[in-house]
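Enquirer: Here is how the chains run, residue by residue.
There are 2 protein chains.
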Amino acid sequence: MKGRWVLGVDIGGTNLVVAAVPAAGGQPTAIRSEATHAERGPDGAVERIVKMANEVMEETLSAEGGQRSDFAGIGIGCPGPLNLEEGVIVTTPNLGWDGFPIRGRISDALEMPASLDNDATCATFGEWWLGAGKGVRSLVGVTLGTGIGGGYIERGRLMRGASGSAFEIGHTTINFEGRLCGCGNRGCLEAYTSGPNIAARAREGLKHGEASVLPRLVDGDLGAITAETVYDAVLQGDVFATDLMRETAELLGIGLANVVNLVNPQMIVLVGGVTRAGEYLFAPLLESVKRRAFPSAVEACRIVPGALPDTAGVVGAAGVFVIDRVA
Amino acid sequence: MKGRWVLGVDIGGTNLVVAAVPAAGGQPTAIRSEATHAERGPDGAVERIVKMANEVMEETLSAEGGQRSDFAGIGIGCPGPLNLEEGVIVTTPNLGWDGFPIRGRISDALEMPASLDNDATCATFGEWWLGAGKGVRSLVGVTLGTGIGGGYIERGRLMRGASGSAFEIGHTTINFEGRLCGCGNRGCLEAYTSGPNIAARAREGLKHGEASVLPRLVDGDLGAITAETVYDAVLQGDVFATDLMRETAELLGIGLANVVNLVNPQMIVLVGGVTRAGEYLFAPLLESVKRRAFPSAVEACRIVPGALPDTAGVVGAAGVFVIDRVA
Chain A
1 MKGRWVLGVD
11 IGGTNLVVAA
21 VPAAGGQPTA
31 IRSEATHAER
41 GPDGAVERIV
51 KMANEVMEET
61 LSAEGGQRSD
71 FAGIGIGCPG
81 PLNLEEGVIV
91 TTPNLGWDGF
101 PIRGRISDAL
111 EMPASLDNDA
121 TCATFGEWWL
131 GAGKGVRSLV
141 GVTLGTGIGG
151 GYIERGRLMR
161 GASGSAFEIG
171 HTTINFEGRL
181 CGCGNRGCLE
191 AYTSGPNIAA
201 RAREGLKHGE
211 ASVLPRLVDG
221 DLGAITAETV
231 YDAVLQGDVF
241 ATDLMRETAE
251 LLGIGLANVV
261 NLVNPQMIVL
271 VGGVTRAGEY
281 LFAPLLESVK
291 RRAFPSAVEA
301 CRIVPGALPD
311 TAGVVGAAGV
321 FVIDRVA
Chain X
1001 MKGRWVLGVD
1011 IGGTNLVVAA
1021 VPAAGGQPTA
1031 IRSEATHAER
1041 GPDGAVERIV
1051 KMANEVMEET
1061 LSAEGGQRSD
1071 FAGIGIGCPG
1081 PLNLEEGVIV
1091 TTPNLGWDGF
1101 PIRGRISDAL
1111 EMPASLDNDA
1121 TCATFGEWWL
1131 GAGKGVRSLV
1141 GVTLGTGIGG
1151 GYIERGRLMR
1161 GASGSAFEIG
1171 HTTINFEGRL
1181 CGCGNRGCLE
1191 AYTSGPNIAA
1201 RAREGLKHGE
1211 ASVLPRLVDG
1221 DLGAITAETV
1231 YDAVLQGDVF
1241 ATDLMRETAE
1251 LLGIGLANVV
1261 NLVNPQMIVL
1271 VGGVTRAGEY
1281 LFAPLLESVK
1291 RRAFPSAVEA
1301 CRIVPGALPD
1311 TAGVVGAAGV
1321 FVIDRVA
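In the order they appear, the protein sequences are chains A and X.
What the first sequence shows, in the numbering used here, is residues 1 to 327, in sequence order.
What the second sequence shows, in the numbering used here, is residues 1001 to 1327, in sequence order.
Since the hints were derived computationally from the structure, they do not count as laboratory data.
Some hints could be false.
Said to hold, decoys possible - Non-contacting residues of chain X with respect to chain A, defined by C-beta distances greater than 12 Å in every case (computed):
{"hint": "1", "residue": "Gly1044"}
{"hint": "2", "residue": "Gln1067"}
{"hint": "3", "residue": "Ser1107"}
{"hint": "4", "residue": "Glu1168"}
{"hint": "5", "residue": "Val1260"}
{"hint": "6", "residue": "Met1267"}
{"hint": "7", "residue": "Arg1291"}
{"hint": "8", "residue": "Phe1294"}
To be verified - So, partial list: chain A residues that the calculated Cβ filter (under 7 Å) puts toward chain X:
{"hint": "9", "residue": "Thr36"}
{"hint": "10", "residue": "Ser138"}
{"hint": "11", "residue": "Gly161"}
{"hint": "12", "residue": "Ala162"}
{"hint": "13", "residue": "Ser165"}
{"hint": "14", "residue": "Phe167"}
{"hint": "15", "residue": "His171"}
{"hint": "16", "residue": "Ile174"}
{"hint": "17", "residue": "Asn175"}
{"hint": "18", "residue": "Cys181"}
{"hint": "19", "residue": "Asn185"}
{"hint": "20", "residue": "Asn258"}
{"hint": "21", "residue": "Pro265"}
{"hint": "22", "residue": "Arg292"}
{"hint": "23", "residue": "Ser296"}
{"hint": "24", "residue": "Ala300"}
As the list claims (entries may be wrong) - These stretches of chain X come out as covered by chain A in the derived footprint (C-beta under 8 Å, 3 or more residues):
{"hint": "25", "segment": "1129-1135"}
{"hint": "26", "segment": "1154-1165"}
{"hint": "27", "segment": "1175-1186"}
Cβ coordinates follow ideal geometry from the N, Cα and C atoms, glycine included.
Kindly generate the complete structure, drawing on both the sequences and the hints.
Expert: Next comes the structure, spelled out in C-alpha cells:
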C-alpha cells in the first residue's frame, strides 16, 4: 500500500467523525466532528464528509508536510447491516439510508480508494490496533450506545462471518419471553441495555411510582430522560437509578456470559459512553458473567473498558482500510 | 505424520466407541462399541478401551495387511471441560472422572501418541472431514444428547478458544428467568432441549394433567420416559408429545439464532439421536431461527442434520489427532 496516511470516517446516528490516521498505526490527527442530521438524507451527509475529509487532509499536510497522494485512501465505518462486497447500506434503523451505495459515493467524490465496514467492527479493530486490546489474540468488542453492536478479531483477522454480519450481539436473545425489541423479537440484549432502552426502563419504573430524582433532573419531562440522565442520578446517590444501573449491568453480563461460553475469548472490550459509569457498571457486570459462564472460560477472559472512548470507531475504520489492502 | 491408520475413541456417557480410520480420511472400519459403565471408574474404562483398540487394530490389519506401526496413534473424544494441554479431564458431570489424566493413561497403555479433545468438537470435526459439512468454510456443529455441546471450524481450523472451552452452546442463556439448569443457572439452552430435559418437561406436563399416550408407553412409570419415548408418541400422533417436540425445536431454534447472529456461519450441522425426528424437529426449528436471526445471516446459513449419526464422534476424534500432528 502506498501512502503514509489513511482517512477514517465514523458515521454514527448522532455524529459524523473524520480524522487522519498514520497508515502504520498511531493516534489520529486533525479530528473533525459534526452532527449527522440523518433525516436530511445520505447525499448531504456525503457532501459534508467530503468537505471534512478535505479539511482534515489540508490540516494534516500543512502540519506534517507532504502531498495529497500521501493519503492512501479512506476507511468508512457505518451502522449496518451492510453489503460489504458492494459497499452498500442494506438497512440502518438509526440512519434510514437503506440501499445507499455509500462506499462508491465517497470514493468517487474524493477520488481515492475506500473501504466500508460495520461501525462496531471498526471500533473493535481500533481497540485491537491501538487501544485496550492491542495485540490480544482473540478479542471481542462490544459497543454500547443507541444500539448494541460487536466485533471479533482472531489472530489479527476480522471475523466478519459468511454474510458480513457476525457479532450482532445486541440481537442475541437473553429472555425469549422478555421485552419487545426494535427488531421485532422478544428479549434481545439490546431491548434491555441500549441507551434508549435504559431510558425507557427508567420511565417505566417512574410510571409505576418509584421515587427518584430523575423527574427533577428533566424538569418533569420524562421523555427527556436518557442513559446519561440515569447515570447523573446514580452519581447523586439516587436509589432507583442505582438499582436500574446495576440491573442493566447484570443483564449485559448475561449477554457477555453467552459470548464467553461460545467464543471463549482472551478479552472483551466494552466501547461507548456507558463505560464512563466505571465500577457502577463493571462490578455487577463481572459478577453476572462469573455466575453464568464456565469458570475456566471466565478466568481466561479479561473484560475491560476501551482505551479510545471517542476515537475507536474512526481509528478502526482507517485501520480496516489498511488491513484490507494488505490482506 | 507416519502411518496409514489412526484409532479413534469416542467416550460417551452411555457407550465407548473405538474404530480405525484411514489417516487420509475415509470411513471407519472395525467399529467396536460397548457400555461405558462410568460408575465403575476411569481405570476400568481405560482397560476396556485398550482391549477394544487392540482388537480394532488386529481386525484392520488382518483385513488390509500391514503392521501395528501402520497406526500413527489414537485420538480421544471425551465430555469436558478438559485441560487440553495436560490431557486431563477437569469435570465431567456425566462420567464423574474429575481430574483423571485420560490421554496419558491411554497413550502409555497402547504405547502410541494420543490426542484429546472435547466430544462435541470431535463430532463437529468428523462432520467437516467426512460428513455433511465436508469442506464448509465456517461450520458450527451442535450435539444433541444427554447434554448440548458444540464446536466450530473456520477454514479447516478448530476454534477451541482461549481456554479450550469454546462453543459450550448448551450453557448459553435463552431465558434468564427460565428453567433451572444442571449447571446451577437459569434458562440455559440445555435446561430445555437436552434428552433428559425433554423427558422432564414431558413428565411436568403429564403431572399437570395433560392427556397423552406417554404413560401407557412406559406402563405408568413416568420416570422411564426418555426423549425417545416422546418421539415414539409423536409418531403415534399424540398431540401433547407433538406440541412438546415442536416447542423443543423452537427453543433450540432460539439458541441457534443466537449462534447465527453471533458467528454468522455457512452451516450448522446437528448431530445426535434427536435429529431422527426429521421434519418434526427441523421445520419448527428453522421457522424459529428465521423469526429471530438477521435475514441475511439466515440466508447465508444452511442448518442440516449430520451425515454420520453414529460415527461422527469417533471419526472426528481420529481426525483431530491427524490435524494436531500436521499443524
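Enquirer: For every hint, state whether the structure bears it out.
Expert: The hints, checked one at a time:
no.	hint	in the structure
1	Gly1044	27 Å, holds
2	Gln1067	40 Å, holds
3	Ser1107	23 Å, holds
4	Glu1168	4 Å, violated
5	Val1260	9 Å, violated
6	Met1267	9 Å, violated
7	Arg1291	7 Å, violated
8	Phe1294	5 Å, violated
9	Thr36	23 Å, violated
10	Ser138	6 Å, holds
11	Gly161	2 Å, holds
12	Ala162	4 Å, holds
13	Ser165	5 Å, holds
14	Phe167	6 Å, holds
15	His171	5 Å, holds
16	Ile174	6 Å, holds
17	Asn175	5 Å, holds
18	Cys181	10 Å, violated
19	Asn185	5 Å, holds
20	Asn258	4 Å, holds
21	Pro265	6 Å, holds
22	Arg292	5 Å, holds
23	Ser296	5 Å, holds
24	Ala300	4 Å, holds
25	1129-1135	violated (count 0)
26	1154-1165	holds (count 8)
27	1175-1186	holds (count 5)
Of the hints listed earlier, those the structure fails to meet are numbers 4, 5, 6, 7, 8, 9, 18 and 25, in rising order.
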